[in-house]
Amino acid sequence: MNKVLFFAHLRDAVGEEYVTVDASGKTVAELKADLAAKYDLARMETIMTAINEEFVSNDEVIAEGDEIAFIPPVSGG
Amino acid sequence: MNKVLFFAHLRDAVGEEYVTVDASGKTVAELKADLAAKYDLARMETIMTAINEEFVSNDEVIAEGDEIAFIPPVSGG
Amino acid sequence: MKFYEIAKEPINIQSVIDKVVQREAGAITTFIGTVRELTDGKKTLFLVYEAYEAMAVKKLAQIGAEIEQRWQGARVAITHRVGRLDIMDVAVVIAVSTPHRADAYEANRYAIERIKEIVPIWKKEHWENGEEWVGNQLETVAYPSGKPEAGDINE
Amino acid sequence: MKFYEIAKEPINIQSVIDKVVQREAGAITTFIGTVRELTDGKKTLFLVYEAYEAMAVKKLAQIGAEIEQRWQGARVAITHRVGRLDIMDVAVVIAVSTPHRADAYEANRYAIERIKEIVPIWKKEHWENGEEWVGNQLETVAYPSGKPEAGDINE
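Protein chains in written order, with my numbering: chain A, 1 to 77; chain B, 1 to 77; chain C, 1 to 155; chain D, 1 to 155.
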């Protein structure tokens, strides 16, 4: 299984800090599309993705146990 | 009379923190030349001058009571 | 010593500076980001910062490593606060020491710009008539590949 | 509040920063000049700073006024220490706050460069085999008119 973390406005939209799904074998792009449809998320092209705390591309393939985080444009500082 | 202040290597060369002279009516350049001769001071072209705590030009005329300071290249910071 | 931190309590600025003091350094610069009351004429009441903490610490450390590679002899410490911050509270402190002063300014500036690019921290502005996550409505940034576009991100 | 000071005791960095905190500012930069052990491979034991104190305070204030004129909304505080300083001691602290961060870096950098041009403070280096006022042997600077050559000095 995979833990999928949401932050900032995505967390508000999903209504959860994280969800647990089985995403192994999927690409990041596929998981994004699944979740965008399920939670009615817009503008997913503005969202970065991290796997196990490192940024990855949309074509990265998710492995069993990976922690995935969807990262809206950051605004720290 | 006029108080003339020396700093840094000029103070070392003159051996005094200040001297009292009558310089009223003289230009800064004239006072510089007088003191350079008296104390054997070299490279006076590297020395700036302040009257009453403001930088002045070599052609400034000194008035009675003015406090004059000779200011070597600064090295604060 | 933890050079890169996410803090839930007020940041002690001096303690961040102390981390970068070194015998070889003649210059230390700090950047202190504070909560400003007015942004584009709109009055902020308070902010809430949220972080993906474990990754944020890693990314701050990455920025420090980038700086130490690019500016010889630099040492870096960064603490970013999360939670609710009021006007004039300190959100981030970046301290950089270098042998010579020009580098200390440049490297410090680099750090804050990189924080705004790659560190997973978000700011929610609260005004009298609403609240909003900063960055989510502007739609000025897109990540077609899914990750930051800068060329020098280490993965 | 004294925004521009010559100090005979160690400088409290936080207290200099506190002077520039303002509701309108989102950024504070500080420059902290420390005594470096090695300069051009030569080992410094300690330094002695001397100031023409009354004029130095005036010139620091002038630099602050120049900055507040050039960078909208800037606030500036500067403390420079005099006397004997050991390695890693703090010689100068410059704090600048501005609404936006780019200005805070630029204005702070301007302050340290101006200090090195017009503020009557001198540094004597003490090494194992001697001592010397910095600047008096290099002969790289001359003041043909008798005063600083920069165009923007207010008198």
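It should be emphasised that the hints constitute simulated quantities derived from the structure, not laboratory data. Here a beta-carbon is modelled for each residue, glycine too, at the ideal position from N, C-alpha and C. Careful: at least some of the hints might be erroneous.
[What the hints assert, rightly or not] PhoX-like mimics (lysine-lysine), calculated; alpha carbons at most 25 angstroms apart, straight line:
#1 K124(D) to K32(B)
#2 K43(D) to K19(C)
#3 K32(A) to K58(C)
#4 K32(A) to K2(C)
#5 K58(D) to K32(B)
#6 K32(B) to K116(D)
#7 K19(C) to K19(D)
#8 K32(A) to K116(C)
#9 K3(A) to K19(C)
#10 K124(D) to K43(D)
#11 K58(C) to K43(C)
#12 K3(B) to K19(D)
#13 K3(A) to K38(A)
#14 K43(C) to K19(D)
#15 K8(C) to K58(C)
[What the hints assert, rightly or not] Here are the simulated distance ranges between beta carbons:
#16 L45(C) to T20(A): 33 to 43 angstroms
#17 L45(D) to D12(B): 12 to 22 angstroms
#18 A102(C) to Q69(D): 30 to 40 angstroms
#19 A102(C) to K42(D): 37 to 47 angstroms
[As the list claims (entries may be wrong)] Covered by chain A, according to a simulated footprint, are these stretches of chain C (three or more residues, beta-carbon under 8 angstroms):
#20 38–48
#21 106–117
Evaluation of the provided hints:
| no. | hint | verdict |
| --- | --- | --- |
| 1 | K124(D) to K32(B) | holds, 24 angstroms |
| 2 | K43(D) to K19(C) | holds, 23 angstroms |
| 3 | K32(A) to K58(C) | holds, 24 angstroms |
| 4 | K32(A) to K2(C) | violated, 35 angstroms |
| 5 | K58(D) to K32(B) | holds, 24 angstroms |
| 6 | K32(B) to K116(D) | holds, 24 angstroms |
| 7 | K19(C) to K19(D) | holds, 23 angstroms |
| 8 | K32(A) to K116(C) | holds, 23 angstroms |
| 9 | K3(A) to K19(C) | violated, 35 angstroms |
| 10 | K124(D) to K43(D) | holds, 14 angstroms |
| 11 | K58(C) to K43(C) | violated, 33 angstroms |
| 12 | K3(B) to K19(D) | violated, 35 angstroms |
| 13 | K3(A) to K38(A) | holds, 16 angstroms |
| 14 | K43(C) to K19(D) | holds, 23 angstroms |
| 15 | K8(C) to K58(C) | holds, 17 angstroms |
| 16 | L45(C) to T20(A): 33 to 43 angstroms | holds, 36 angstroms |
| 17 | L45(D) to D12(B): 12 to 22 angstroms | holds, 19 angstroms |
| 18 | A102(C) to Q69(D): 30 to 40 angstroms | violated, 24 angstroms |
| 19 | A102(C) to K42(D): 37 to 47 angstroms | violated, 21 angstroms |
| 20 | 38–48 | violated (count 0) |
| 21 | 106–117 | holds (count 4) |
Against the hints set out earlier in the document, violations occur for numbers 4, 9, 11, 12, 18, 19, 20.
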